[in-house]
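> Chain by chain, the residues:
Number of protein chains: 2
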Amino acid sequence: MKKLINDVESVEEQMILGLVKSAPHKLRKLDEGNIVVRVQKKEGKVALISGGGSGHEPAHAGFVGEGMLDCAVAGPVFTSPTPDKILAGIENVHAGKGVLCIVKNYSGDVMNFEMAVDMAGDEDIEADYVVVNDDVAVKDSLYTTGRRGVAGTVLVHKIAGAKAEQGADLAEVKAVAEKVIANVRTMGMALSPCTVPAAGKPGFVLADDEVEIGIGIHGEPGITREKISTADETAKKLLDTILTDLDFKGQEVVLIVNGMGATPLMELYIINNFVQDYLKEQGIKVYDTMVGNFMTSIEMAGFSLTLLRLDDELKALYDAKADTPAWKR
Amino acid sequence: MKKLINDVESVEEQMILGLVKSAPHKLRKLDEGNIVVRVQKKEGKVALISGGGSGHEPAHAGFVGEGMLDCAVAGPVFTSPTPDKILAGIENVHAGKGVLCIVKNYSGDVMNFEMAVDMAGDEDIEADYVVVNDDVAVKDSLYTTGRRGVAGTVLVHKIAGAKAEQGADLAEVKAVAEKVIANVRTMGMALSPCTVPAAGKPGFVLADDEVEIGIGIHGEPGITREKISTADETAKKLLDTILTDLDFKGQEVVLIVNGMGATPLMELYIINNFVQDYLKEQGIKVYDTMVGNFMTSIEMAGFSLTLLRLDDELKALYDAKADTPAWKR
Chain A
1 MKKLINDVES
11 VEEQMILGLV
21 KSAPHKLRKL
31 DEGNIVVRVQ
41 KKEGKVALIS
51 GGGSGHEPAH
61 AGFVGEGMLD
71 CAVAGPVFTS
81 PTPDKILAGI
91 ENVHAGKGVL
101 CIVKNYSGDV
111 MNFEMAVDMA
121 GDEDIEADYV
131 VVNDDVAVKD
141 SLYTTGRRGV
151 AGTVLVHKIA
161 GAKAEQGADL
171 AEVKAVAEKV
181 IANVRTMGMA
191 LSPCTVPAAG
201 KPGFVLADDE
211 VEIGIGIHGE
221 PGITREKIST
231 ADETAKKLLD
241 TILTDLDFKG
251 QEVVLIVNGM
261 GATPLMELYI
271 INNFVQDYLK
281 EQGIKVYDTM
291 VGNFMTSIEM
301 AGFSLTLLRL
311 DDELKALYDA
321 KADTPAWKR
Chain B
1 MKKLINDVES
11 VEEQMILGLV
21 KSAPHKLRKL
31 DEGNIVVRVQ
41 KKEGKVALIS
51 GGGSGHEPAH
61 AGFVGEGMLD
71 CAVAGPVFTS
81 PTPDKILAGI
91 ENVHAGKGVL
101 CIVKNYSGDV
111 MNFEMAVDMA
121 GDEDIEADYV
131 VVNDDVAVKD
141 SLYTTGRRGV
151 AGTVLVHKIA
161 GAKAEQGADL
171 AEVKAVAEKV
181 IANVRTMGMA
191 LSPCTVPAAG
201 KPGFVLADDE
211 VEIGIGIHGE
221 PGITREKIST
231 ADETAKKLLD
241 TILTDLDFKG
251 QEVVLIVNGM
261 GATPLMELYI
271 INNFVQDYLK
281 EQGIKVYDTM
291 VGNFMTSIEM
301 AGFSLTLLRL
311 DDELKALYDA
321 KADTPAWKR
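Just so you know, the protein sequences line up as chains A and B, in that order. For the first sequence, position 63 matches number 63 in the UniProt record's numbering, and the numbering has no gaps at all. For the second sequence, position 13 matches number 13 in the UniProt record's numbering, and the numbering has no gaps at all.
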């Protein structure tokens with residue numbers, strides 16, 4: 001294992017401290033754990049919390065800030081944070097108008113966030129949650145019942161974040177988060193695996209000419225393992241699966257070309273070149289495109305494509321101001 | 001070679017097209033080559049041009065936009081663009097107030113940009129250039145006489161870009177670019193090599209427990225090849241070399257923790273955690289920190305640290321608005 005770390009035990013905490021120190025006037029870490037909140041707590045708004053296992057940076061702590069999340073709770077690498085940590089986050093950012101948790105659909109995350117929401121209820125904090133399940137690759141997986149929650153989650157952060165910032169109430173923020181979830185689809189692939197620091201070796205092995213199509217963000221098996229083909233053919237394969245799953249024809253969309261952590265921007269742009277042309281051919285209008293690392297799998301090489309169908313409400317919220325380490329608009 | 005490309009010949013063009021298609025209302029590609037300019041040409045300002053070999057994405061085309069560059073000219077991977085392409089860029093963005101080229105100190109780049117500046121002069125376009133040489137690792141290198149120009153270049157884009165946007169004349173923009181160059185220092189290291197598509201195999205080989213300290217952004221040899229140590233020790237080694245080279249004590253600085261292309265954000269944040277504490281101990285105040293991929297070497301794993309000494313002028317220009325794919329402020 002060749003990594004720029006100090007020791008396996010301190011990876012998560014040092015990473016969170018390093019993020020917070022990159023924006024010390026905007027972010028701070030709570031003493032209770034690897035929990036990141038805004039320095040300026042905003043009263044009278046619905047508080048948004050996300051989180052999950054570490055290893056998906058910049059998700060989720062990189063999306064804490066004006067217009068997006070109020071708090072991110074980071075578990076160990078690829079492991080859900082425990083309910084007490086999530087509750088500590090809820091208690092801290094709760095500002096009298098309720099709390100919404102945005103949870104990726106992995107069994108551990110759903111269980112622990114649900115428990116934290118219940119515990120918050122016991123303290124008379126109005127809390128609720130939504131589950132993101134945008135991955136069209138597989139129905140059930142190693143760690144999931146139903147579809148996995150992957151890169152589309154950052155669009156839930158963005159749009160529900162904008163709604164909350166505008167002063168909407170908890171039911172309204174939850175409704176718009178669910179609207180995003182209903183309209184967002186993602187699929188990914190990998191060229192090479194990643195190594196969880198505590199495991200010390202890659203989670204799977206691919207031959208020199210082999211890729212995994214439909215992989216999850218923890219390296220969970222996808223749909224097929226096959227010979228590597230061109231960037232265009234690979235992107236087409238992912239897109240066709242997404243476009244079969246939901247009708248995007250004639251729609252306006254946001255597109256995310258997301259790197260898995262070790263993918264050079266060069267390759268992501270080459271993929272985007274094809275995707276834009278292909279979507280145009282299909283009668284789909286791209287309203288905005290994001291290319292970069294948003295939901296990663298440590299140092300996995302590969303990419304995912306995310307499409308979100310827009311309506312006027314989603315478009316306006318997407319365009320609202322955001323000021324976070326990983327998303328400025 | 002395992003890459004998400006279509007064929008070796010089309011890498012640069014498809015990449016540039018993919019970038020432009022990610023921001024079609026803001027960027028466009030010239031027919032003359034892999035030359036990116038703003039859609040909205042701004043008249044009456046000094047035009048700023050940069051460029052060099054491809055493979056350093058988002059540099060340089062990702063920094064074209066309001067507050068930064070007017071044009072970026074991309075050569076083949078790790079190879080300077082030819083003078084005629086640079087001249088095509090100069091001719092296009094020239095807006096009656098002169099053109100400044102920002103060139104990284106590599107022999108091929110300096111030669112070709114100098115030639116293009118001369119050719120522009122023959123057409124009565126007032127053009128000039130500055131050479132960035134921020135890398136403290138080595139004096140002369142495989143492709144350079146004197147110090148190499150690396151990640152500090154993006155701070156020249158930012159600050160000279162802000163000055164030009166404010167309406168300064170060519171001499172003033174050049175003077176502030178040179179002020180940045182005089183005050184910026186960088187050093188990098190690699191955990192793993194990168195593969196130039198046309199070469200098909202890595203430019204060098206490192207053992208499983210070996211790193212290269214002081215490496216250049218084309219994988220040129222650095223100072224030492226040594227056993228991998230901790231993130232903190234590695235960062236300290238780079239910082240100590242930078243701090244010995246220029247007196248940063250008592251100064252305010254901008255810090256860039258730059259990934260080389262395949263480095264997970266997790267590791268960059270762990271490095272930042274140490275760097276912030278260490279700079280504080282040394283009596284150096286960090287005004288702002290950027291963590292991410294700014295000047296890469298395709299899919300090399302590793303990082304560089306850049307420090308820029310600020311004064312009031314540089315600070316105000318650094319804080320000015322920028323709206324480019326890779327830098328929004």
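These aren't lab readings, by the way, just hints derived from the structure by calculation. Check the hints yourself; a few may be wrong.
Derived pair list, reagent style BS3-like, types lysine-lysine, alpha-carbon separation capped at 27 Å [said to hold, decoys possible]: (1) B/328 - A/26; (2) A/139 - A/97; (3) B/41 - A/321; (4) A/285 - A/227; (5) A/315 - A/280; (6) A/41 - B/328; (7) B/285 - A/26; (8) A/26 - B/249; (9) A/174 - A/41; (10) B/236 - A/2; (11) B/26 - A/280; (12) A/97 - A/328; (13) B/42 - A/41; (14) A/328 - A/174; (15) A/29 - A/41; (16) B/236 - B/315; (17) A/280 - B/29; (18) A/321 - A/97; (19) A/315 - A/42; (20) A/174 - A/26; (21) B/42 - A/227; (22) A/328 - B/26; (23) A/201 - B/41; (24) B/201 - A/29; (25) A/328 - B/29; (26) B/41 - B/328; (27) A/42 - B/328; (28) B/328 - B/174; (29) B/237 - A/2; (30) A/328 - A/26.
One side only, chain B facing chain A, incomplete, derived with CB under 8 Å [what the hints assert, rightly or not]: (31) 3; (32) 6; (33) 8; (34) 21; (35) 208; (36) 230; (37) 261; (38) 282; (39) 285; (40) 289.
Where a beta carbon is used, it is the ideal one built from N, C-alpha and C, also for glycine.
> Checking against the hints above, which ones are violated?
2, 4, 13, 21, 23, 24, 33, 38 and 39
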